[in-house]
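Trainee: Listed below are the residues making up each chain.
Protein chains: 2
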Amino acid sequence: MEINIQTQIWEENDKIAEQMSKKWRAQGTFVFNLLGSPGAGKTTFLETTLDILKGKYRIGVIEGDLFTAQDAQRIEAKGIPAVQVNTSGGCHLDSGMIKDALERFDNPEFDLLIIENVGNLVCPAEFFLGEDAKVTLLSVTEGEDKPLKYPLIFKESSFIGITKSDLLPYLKYDLSKVEKDLRDLNPKGTIQKISSQTQEGMQEWIQWLTDQIDKKKSEPV
Amino acid sequence: MEINIQTQIWEENDKIAEQMSKKWRAQGTFVFNLLGSPGAGKTTFLETTLDILKGKYRIGVIEGDLFTAQDAQRIEAKGIPAVQVNTSGGCHLDSGMIKDALERFDNPEFDLLIIENVGNLVCPAEFFLGEDAKVTLLSVTEGEDKPLKYPLIFKESSFIGITKSDLLPYLKYDLSKVEKDLRDLNPKGTIQKISSQTQEGMQEWIQWLTDQIDKKKSEPV
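Sequence lines, in order, name chains A and B. Every letter in the first sequence is one number past the one before it in numbering that gives the first Met the number 0, and letter 6, counting from 1, is 5. Every letter in the second sequence is one number past the one before it in numbering that gives the first Met the number 0, and letter 146, counting from 1, is 145.
Everything labelled a hint here was simulated from the structure, so no lab data went into it. One or more hints might be untrue.
Below are the BS3-like pairs computed for lysine-lysine, each with C-alpha atoms no more than 30 Å apart in a straight line [stated by the list, open to error]:
| no. | chain 1 | residue 1 | chain 2 | residue 2 |
| --- | --- | --- | --- | --- |
| 1 | A | Lys176 | A | Lys154 |
| 2 | A | Lys192 | B | Lys77 |
| 3 | B | Lys77 | A | Lys179 |
| 4 | B | Lys192 | A | Lys77 |
| 5 | A | Lys171 | A | Lys214 |
| 6 | B | Lys53 | A | Lys171 |
Short, incomplete list of chain A residues facing chain B, as computed with Cβ under 8 Å [what the hints assert, rightly or not]:
| no. | residue |
| --- | --- |
| 7 | Ile15 |
| 8 | Gly54 |
| 9 | Lys145 |
Nothing here was measured: the structure is a model prediction, and the numbers come from that model. Glycine residues also receive a C-beta, built at the ideal position from the N, C-alpha and C atoms.
Let the hints inform the model, and build the full structure from the sequences given.
Mentor: Written as structure tokens, this is what we have:
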């Protein structure tokens, strides 16, 4: 019985996600779902990204979190419209939450919509939100075993950022093993070392992102 | 309908957990549930703990993970009996899994049983496994906002280890804020800075743990 209900939940989720995906295609909005462990550096990465892209595109952010509104406040402080979605303890966002969140923007027509998911390497990977790409951050302080321990999320990501690379000199960390495991799981995705402190990799990330935004805008509906 | 099923799942979980708790009381086994984000340092902390306590107590370890058996192999390399439980993508252990895992030990009578849960700050906090204590690790690289973002797990923990303290010199991290937020959430629990690299806090942790083990052994059934 439990399995059937889970299947129903996924089917219902995917139906709404497909509707939104269609709408975003018509609007030319590129949407990415930002994933990673608690503390992988998602919000800081997002802040740096917004500092660079602000004024160049119409951007909106949906911030998923269990209880607090801290992250949306950090984004709004940048002058970017942000809507907070609280899951009240739930470990992931679903497409119904995103649909409701969109209605809370004054003007929800964006070139770029970013959805920062709940910090978690498991459940968020299982719920499609209608996004064009999953972007997953994995910090070097999390240890080398994470790609093989949480394969689904890394398999499904179009861009994987290996964050906090500025801490590598202070860690025992076999970066080449992590890169190899990620590549084995995901032969096509972009894998990039990132540091929000030193800005390592940010140029490559912004290049990747703007390519996606421009491509989406120019695609026929 | 979904909510009722969730309540049923919890009731069934708690029933089995209570049975095991009773059994462990009769055996004088102290049991802790080790929690934390992916990469908080749980398995390394466990390895260090086992190096110190090995030979002094009869110890068993249950390792929860989504797919791999890497962690159980790391524990068995220490000569400690370990059983791997794979959740096949599930984000937490439940008491039924622990009951089954116990049957896989040659001799499941321990002074100390350690259950390393799936790396996650959300779901594992919601499932009681019959343990005496929850021990939660939070690494300094995860950022200062985690206690308020994941309050349940920190509220329920008897011991909170702030790990990777050797990295503090290289981070912008307001330790006193984190300690204050933890203390506000959890006035009674022990909060301890820990480093598996420098051994900071390990003596205090081992003292706390052995006190619990000895107390449990001496308690009347």
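Trainee: Look at each hint and say if it fits the structure.
Mentor: Structure-based check of all given hints:
Pair hint lysine 176/A plus lysine 154/A holds up; C-alpha atoms about 16 Å apart against a cutoff of 30 Å. Distance check on the hinted pair: lysine 192/A and lysine 77/B sit about 34 Å apart at the alpha-carbon level, beyond 30 Å; violated. Between lysine 77/B and lysine 179/A the CA atoms are separated by roughly 28 Å; this keeps the pair inside 30 Å, and the hint holds. Distance check on the hinted pair: lysine 192/B and lysine 77/A sit about 34 Å apart at the alpha-carbon level, beyond 30 Å; violated.
Proximity of lysine 171/A to lysine 214/A is assessed by CA-CA distance (about 40 Å); at most 30 Å being required, the pair is judged violated. Our distance criterion of 30 Å between C-alpha atoms is met by lysine 53/B and lysine 171/A, whose separation comes to about 25 Å. Interface hint at isoleucine 15/A: violated, since its Cβ lies 16 Å from the closest Cβ of chain B, which is beyond the 8 Å cut-off. For glycine 54/A, the interface hint is violated, the least distance from its beta-carbon to any beta-carbon of chain B being 27 Å, above 8 Å.
Of the supplied interface hints, the one on lysine 145/A holds, with its beta-carbon coming within about 6 Å of a beta-carbon of chain B, less than 8 Å.
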